[in-house]
Amino acid sequence: GAVVSQHPSWVICKSGTSVKIECRSLDFQATTMFWYRQFPKQSLMLMATSNEGSKATYEQGVEKDKFLINHASLTLSTLTVTSAHPEDSSFYICSAGRGPSYNEQFFGPGTRLTVL
Amino acid sequence: AQSVTQLDSQVPVFEEAPVELRCNYSSSVSVYLFWYVQYPNQGLQLLLKYLSGSTLVKGINGFEAEFNKSQTSFHLRKPSVHISDTAEYFCAVSQGGKLIFGQGTELSVKP
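Residue numbers (the working numbering), protein chains in the order written: chain A, 1 to 116; chain B, 1 to 111.
Chain A extracted, bound-state conformation (with noise of 0.2 angstroms):
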């Protein structure tokens, strides 16, 4: 049990297209899923914390106009990346919290995006 999938699971656009990716629990209820973001050899930098049916948390320095998330359910969170430029290109990571205090979460498999 607590398996997350992210679709696509990687992406090419062009410089000034929005890119959406989609996290989903597949076998259990998130309150509450978090976005990554890894950059070639180093550790997972948080971006913001997503609950279902409000607004998005963000990370100091992280944009938000840039970075849309929406938490439409229990079991679906997307982000979407606006106006991508190269700078954008990462990997980007998504996790489902489970249970009252969502101490453990549970990783998507990373959405590979290259902006050309």
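Any given hint might turn out to be false.
[Claimed, not checked] Below, computed lysine to aspartate or glutamate pairings styled on EDC-like, alpha-carbon distance capped at 16 angstroms:
(1) A:Lys14 to A:Asp88
(2) B:Lys49 to A:Asp65
(3) B:Lys49 to B:Glu66
(4) A:Lys41 to B:Glu106
(5) B:Lys49 to B:Glu64
(6) B:Lys110 to B:Glu88
(7) A:Lys64 to A:Asp27
(8) A:Lys20 to A:Asp65
(9) A:Lys55 to A:Asp65
(10) A:Lys41 to B:Glu88
(11) A:Lys66 to A:Glu52
(12) A:Lys41 to B:Asp8
(13) B:Lys98 to A:Glu59
(14) B:Lys98 to A:Glu104
(15) A:Lys66 to A:Asp88
(16) B:Lys110 to B:Asp85
(17) B:Lys58 to B:Glu15
(18) B:Lys69 to B:Asp8
Note that these hints are calculated values from the structure, not bench results.
Dock chain B against chain A, hints included.
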């Protein structure tokens, strides 16, 4: 704010040798600690976790870790590694439901 330090960025080791990946955290309150493994171009897989109870935690793939409160450490160990253990390993601490990650340790197992 809590922080996590992984003392070694790279650990090369020969197959069947023991390995220890070091992790220290800074916190004065109760913590939840995790070790994750990441294979190339994949997400994170939980190896083991410490939430409470026994300080020696056993995880998957033969890994174990010991929570040492006095030394604020949570080192990961395996008595005999395999080529397939080659991956990036992340130590993390939970703070208010958020995970704070260490910088990662690249374990390279050589034949």
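Structure-based check of all given hints:
Restraint check for Lys14 (chain A) and Asp88 (chain A): satisfied, since their Cα atoms lie roughly 11 angstroms apart, inside the 16 angstroms limit. Restraint check: the Cα-Cα separation between Lys49 (chain B) and Asp65 (chain A) comes to about 35 angstroms, which exceeds 16 angstroms; the hinted pair is violated. Taken as a hint, the Lys49 (chain B) and Glu66 (chain B) pair is honoured in the structure, with Cα atoms around 10 angstroms apart against an allowance of 16 angstroms. The suggested pairing of Lys41 (chain A) with Glu106 (chain B) holds, with an alpha-carbon distance near 9 angstroms, which does not exceed 16 angstroms.
Using a Cα cut-off of 16 angstroms, the hinted pair Lys49 (chain B) and Glu64 (chain B) holds, with the two alpha carbons roughly 9 angstroms apart. With a C-alpha separation of about 15 angstroms, the suggested pairing of Lys110 (chain B) with Glu88 (chain B) holds against the 16 angstroms cut-off. The straight-line distance between the Cα atoms of Lys64 (chain A) and Asp27 (chain A) is roughly 29 angstroms, outside the 16 angstroms bound, and the hint therefore fails. Taken as a hint, the Lys20 (chain A) and Asp65 (chain A) pair is honoured in the structure, with Cα atoms around 14 angstroms apart against an allowance of 16 angstroms.
The straight-line distance between the Cα atoms of Lys55 (chain A) and Asp65 (chain A) is roughly 12 angstroms, inside the 16 angstroms bound, and the hint therefore holds. Among the hinted pairs, Lys41 (chain A) with Glu88 (chain B) is consistent with the structure: their alpha-carbon atoms are about 9 angstroms apart, no more than 16 angstroms. With a C-alpha separation of about 20 angstroms, the suggested pair Lys66 (chain A) and Glu52 (chain A) falls outside the 16 angstroms cut-off, and the hint is violated. Simply put, Lys41 (chain A) and Asp8 (chain B) have alpha-carbon atoms about 14 angstroms apart, close enough for the 16 angstroms limit, and the pair holds.
With a C-alpha separation of about 11 angstroms, the suggested pairing of Lys98 (chain B) with Glu59 (chain A) holds against the 16 angstroms cut-off. Among the hinted pairs, Lys98 (chain B) with Glu104 (chain A) is consistent with the structure: their alpha-carbon atoms are about 9 angstroms apart, no more than 16 angstroms. A hinted pair counts as satisfied when its Cα atoms are at most 16 angstroms apart, and Lys66 (chain A) with Asp88 (chain A) qualifies at roughly 10 angstroms. At roughly 10 angstroms between alpha-carbon atoms, Lys110 (chain B) and Asp85 (chain B) fall within 16 angstroms of each other, so this suggested pair holds.
Taken as a hint, the Lys58 (chain B) and Glu15 (chain B) pair is broken in the structure, with Cα atoms around 21 angstroms apart against an allowance of 16 angstroms. With a C-alpha separation of about 20 angstroms, the suggested pair Lys69 (chain B) and Asp8 (chain B) falls outside the 16 angstroms cut-off, and the hint is violated.
The structure does not agree with the numbered hints 2, 7, 11, 17, 18 stated previously, though it agrees with the rest.
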